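*Asks:* So you can see what is in the structure, the chains are spelled out below.
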Amino acid sequence: MVELLLTTTVLLTVPLLLATLGEIVTERAGVLNIGIEGVMLFGAFAAAGVIQLGPGRPVAVLAAAALGAALGVLLAVLFVARRVNQIVGGVLFNLFALGLTTVLFDRYFDAGATGSVFGKLALPLLSDLPVVGPALFDQPLLAYLSVVLAGLVWWLLTRTWFGLHLRAAGERPRALDSAGVSVGGIRTAALAVGCALVALGGAALVVLQSGAFTPNITEGRGFIALGIVLVARWSPWWALPAVALFGLAESVKFQASTFGLESVPPEFLAMLPYLVAIVTVTVGTAARYPAALGVPYVRE
Amino acid sequence: MSRHSIGNRWQALIAAACALALALGVAACGDSDSSTSGSTDGGEGSADAVEVAMVTSGAHTDSSFVQSWWEGSQQAQSELGDAAKIVWNDGLNSLDALDRAAGAALTNGAEALIFTTSEAPQLVTEYAEKFPDAWVCGLEAPREDYLANVCTMLPQYWEGAFLAGALAGLVTETDRVGVVSAFDIPVQNLQVEGFALGARYTNPDVKIERAITESLIDSGKARAATQAQLAAGADVILSAVDEAAQGMYLAARDAGGYVIPQYTDQYESAPDVVLTSVVYHHDEVGATLAKLAVEGELEAKSYEFDLATYGVGELAPFRGATGEAVSEEARKQVAEIQKEIEDGTIIFPGLEELGERGSGESISVASLKGGT
Numbered sequence: 001m002v003e004l005l006l007t008t009t010v011l012l013t014v015p016l017l018l019a020t021l022g023e024i025v026t027e028r029a030g031v032l033n034i035g036i037e038g039v040m041l042f043g044a045f046a047a048a049g050v051i052q053l054g055p056g057r058p059v060a061v062l063a064a065a066a067l068g069a070a071l072g073v074l075l076a077v078l079f080v081a082r083r084v085n086q087i088v089g090g091v092l093f094n095l096f097a098l099g100l101t102t103v104l105f106d107r108y109f110d111a112g113a114t115g116s117v118f119g120k121l122a123l124p125l126l127s128d129l130p131v132v133g134p135a136l137f138d139q140p141l142l143a144y145l146s147v148v149l150a151g152l153v154w155w156l157l158t159r160t161w162f163g164l165h166l167r168a169a170g171e172r173p174r175a176l177d178s179a180g181v182s183v184g185g186i187r188t189a190a191l192a193v194g195c196a197l198v199a200l201g202g203a204a205l206v207v208l209q210s211g212a213f214t215p216n217i218t219e220g221r222g223f224i225a226l227g228i229v230l231v232a233r234w235s236p237w238w239a240l241p242a243v244a245l246f247g248l249a250e251s252v253k254f255q256a257s258t259f260g261l262e263s264v265p266p267e268f269l270a271m272l273p274y275l276v277a278i279v280t281v282t283v284g285t286a287a288r289y290p291a292a293l294g295v296p297y298v299r300e
Numbered sequence: 001m002s003r004h005s006i007g008n009r010w011q012a013l014i015a016a017a018c019a020l021a022l023a024l025g026v027a028a029c030g031d032s033d034s035s036t037s038g039s040t041d042g043g044e045g046s047a048d049a050v051e052v053a054m055v056t057s058g059a060h061t062d063s064s065f066v067q068s069w070w071e072g073s074q075q076a077q078s079e080l081g082d083a084a085k086i087v088w089n090d091g092l093n094s095l096d097a098l099d100r101a102a103g104a105a106l107t108n109g110a111e112a113l114i115f116t117t118s119e120a121p122q123l124v125t126e127y128a129e130k131f132p133d134a135w136v137c138g139l140e141a142p143r144e145d146y147l148a149n150v151c152t153m154l155p156q157y158w159e160g161a162f163l164a165g166a167l168a169g170l171v172t173e174t175d176r177v178g179v180v181s182a183f184d185i186p187v188q189n190l191q192v193e194g195f196a197l198g199a200r201y202t203n204p205d206v207k208i209e210r211a212i213t214e215s216l217i218d219s220g221k222a223r224a225a226t227q228a229q230l231a232a233g234a235d236v237i238l239s240a241v242d243e244a245a246q247g248m249y250l251a252a253r254d255a256g257g258y259v260i261p262q263y264t265d266q267y268e269s270a271p272d273v274v275l276t277s278v279v280y281h282h283d284e285v286g287a288t289l290a291k292l293a294v295e296g297e298l299e300a301k302s303y304e305f306d307l308a309t310y311g312v313g314e315l316a317p318f319r320g321a322t323g324e325a326v327s328e329e330a331r332k333q334v335a336e337i338q339k340e341i342e343d344g345t346i347i348f349p350g351l352e353e354l355g356e357r358g359s360g361e362s363i364s365v366a367s368l369k370g371g372t
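Residue numbers (our numbering), protein chains in the order written: chain Y, 1 to 300; chain W, 1 to 372.
Derived by calculation from the structure, the hints in this document are not laboratory data.
Computed from a predicted model, the values in this text were never measured in an experiment.
Some clues are possibly wrong.
[Claimed, not checked] Just a few of them, taken from the derived set where beta-carbon distance is under 7 Å, the chain Y residues facing chain W: (1) Leu4; (2) Gln52; (3) Pro55; (4) Ala69; (5) Asn85; (6) Ser210; (7) Glu219; (8) Phe259; (9) Ser263; (10) Leu269.
Cβ atoms here follow ideal geometry from the backbone N, Cα and C, with glycine treated the same way.
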C-alpha cells in the first residue's frame with residue numbers, strides 16, 4: 001500500500017514539479033508569470049497535437065518545450081518590452097490560452113482517441129529496493145528527468161554567470177544594468193527557459209497521466225505551482241518536497257479506505273496541503289520575495 | 001523624435017501585430033461548424049422561428065455527458081427545421097458564466113432556456129422570475145413547488161447505475177468493486193449509491209470502494225483513484241466522470257480490471273477494458289424537451305426519463321474480449337433485473353434517501369422488492 005501511495009504521488013507530482021521549476025526561474029529574474037496556467041495548457045496541447053500527428057511521445061515532449069520557450073519570448077514582449085502589468089497580462093494570457101486550445105481542440109482533435117502514456121523504466125538495483133524501489137525507481141523516464149532538471153535549475157541559478165545575472169535581475173536590476181548587462185535580455189531569457197519548463201509540465205499531464213488532451217486539462221495546476229514556489233522559497237531543491245506534499249495528500253485521499261480514513265471527509269484531505277502552504281508562507285520568516293519581483297525595469 | 005521612442009513605437013506595433021494575428025487565428029478557427037456557442041447545424045430558423053437556448057458547462061467534444069446533450073440539440077434542430085432556432089452554448093464552467101449566458105439568451109429573445117447541467121438550480125428560479133414569458137428548465141430532482149414557467153428534467157440515473165452494479169456484482173472475481181466519481185452531490189451520489197445497491201443485489205458479499213476526484217476531466221486524479229481501488233482488490237469499477245475516464249482506462253490496462261463508463265457508449269475508446277457502458281440517451285432527453293418548448297407544450301412539472309419508457313440507463317452491448325468476461329448466465333440475470341426495474345418489481349427508495357452518500361450499503365436489498 002505504501003508502494004502504491006508513493007507511485008501515485010510521483011504520478012501526480014511530476015507535472016507540478018516541472019511547472020514549479022519554471023516559475024522559480026522566471027520569478028528569480030523578477031517576472032511574476034501569472035500566465036503559467038496558460039503556458040502549461042499550451043504545453044499539454046502541443047504534446048497531444050504532436051502525438052496525434054504521429055511523431056511519437058519523445059518528439060511531443062520536445063515540441064511542447066519549444067513552444068513553451070516561444071511563448072516565453074512572447075510574454076517577454078508583453079512584460080519586459082511593453083511593461084504590461086504582469087498580473088493583468090498573465091490573467092488575460094490564461095484566458096486566451098484556454099479559449100484558443102479549446103477552439104483548436106474542437107476543430108482538429110479526435111476527442112474519443114484512446115490515450116497512451118510513457119512506459120516505465122526500472123533503474124537497475126535501485127528498483128529492487130523494498131517498498132521505495134518499485135515506487136520511486138520504476139517510473140517513466142520523464143519522472144527521473146524532472147528530478148535531474150531540479151538539479152540543473154539549481155546549478156543554473158547558483159553556479160553560472162547566467163544565474164548570477166538572472167538573480168540580479170530579480171533583486172537589483174539597476175546594479176545589473178550598471179554592470180552593462182541587459183536586464184531585458186536576461187529577463188527574456190529567463191522567461192524562455194522558465195516557460196519551456198512550465199510547458200514540459202503541461203506535456204507531462206498528457207504523456208504521463210492521461211494520454212490525451214482535454215480542454216482545461218491543467219485545471220488550475222499552474223496556480224498551485226505559483227503557491228508551491230512560495231512554499232519552496234524559490235529553491236529548486238525545496239520544490240521537491242513541497243510538490244511531493246501536494247501529491248502525497250492527493251494520493252492519501254484516494255487510498256483513504258486502505259489507511260482506515262474513510263470517516264475523514266475527502267475534502268478535508270484535499271485541503272491539507274493548502275493549509276500547510278498557507279501556514280508555511282505565513283510563519284516562515286525566510287520567505288522573502290525577490291526584491292524586484294513583478295516590477296518592470298525602467299532605465300533612468 | 002528620439003531613437004528610444006521610435007524603438008518603443010516599433011515594439012508596440014510588433015505587440016499589436018502579434019495580438020491581431022492571434023485574434024485572427026482564433027476567429028478563423030472559430031468560424032467552423034464546431035463552434036461551441038451559436039445556432040446548431042441544421043438551420044438558423046426563419047424569422048418567426050422559436051428560439052430555444054441550451055446552456056451548460058463542459059465541452060461538447062467530451063465524448064460523454066455534454067456531447068450527448070449537444071447531439072440532442074442537433075437532433076431537435078434537424079427535426080424541427082425552420083420552425084426552431086436551437087442555440088447551444090457550452091464551456092460555461094462557472095456559475096457566473098452560466099448566469100451571464102442565461103441572461104444573454106433570454107434578453108436576446110429565447111423563448112425557452114434549458115440548463116443541461118445540475119449546477120445551477122437557483123438560476124432556474126431566478127430567470128423564471130425575471131422572464132415570466134419564457135420557459136426555464138433545469139436538470140434536477142423534482143421540486144415541491146413549480147413556478148408557472150419552470151420545468152425540471154431528470155434521467156433516472158440510479159436505474160442504469162443499479163444495472164451496472166448488478167453486472168459488476170456478478171462479474172467480480174474478488175468480491176470487490178469500485179466507483180470513481182467527481183463530486184459529492186446528489187446527482188452523482190444517485191449513480192454511486194445505485195451502483196453499490198446493484199452490486200449488493202447480485203452479490204451480498206461484495207465490498208464497494210469509493211473515490212471522489214473533484215474533477216470531471218482530471219485524468220491524472222481519476223487514474224490515481226482507479227489504481228488505488230485496483231490495488232485494494234477491486235476488479236470492476238464504475239466511472240462517474242467525463243473525459244477523466246481516459247485515466248481510468250490507463251490504470252485498468254496497467255493493473256488488469258474492467259471499467260464501466262457512463263453516459264454514452266465508450267467501448268471504442270478502450271475496447272480492452274470497457275466491460276460495457278451505461279447509456280443515458282441525453283440526446284433524446286434534450287431533443288424531447290427542446291421539441292416540447294418549440295411546440296409550446298412544456299408544462300410546469302418534472303419530466304422524468306426512465307429505463308422502461310425511454311431506455312435511459314440501459315447497458316451497451318457486450319462486445320469483444322471484455323464481452324467474453326460476461327457469462328451467459330450473468331447476461332441472463334442482468335436482463336431479468338432490467339425487466340424487474342422496467343415492470344416495477346424492483347422499487348427504489350426515495351431520491352433523498354438514495355442520494356445520501358453511503359446509502360447504497362445501508363439500504364436493505366430486500367426492501368427493493370415490493371418497496372417495503
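*Asks:* Determine for every hint whether it applies to the structure shown.
*Replies:* Now the hints, each set against the structure:
1. Leu4: Constraint on Y/Leu4 satisfied, holds at 5 Å.
2. Gln52: violated (14 Å)
3. Pro55: violated (21 Å)
4. Ala69: violated (16 Å)
5. Asn85: Because about 14 Å separates Y/Asn85 from the closest Cβ in chain W, which is outside the 7 Å limit, the hint is violated.
6. Ser210: holds (3 Å)
7. Glu219: holds (5 Å)
8. Phe259: violated (10 Å)
9. Ser263: Status violated, d = 11 Å.
10. Leu269: violated (10 Å)
The structure fails hints 2, 3, 4, 5, 8, 9, 10 (numbered hints given earlier, in ascending order).
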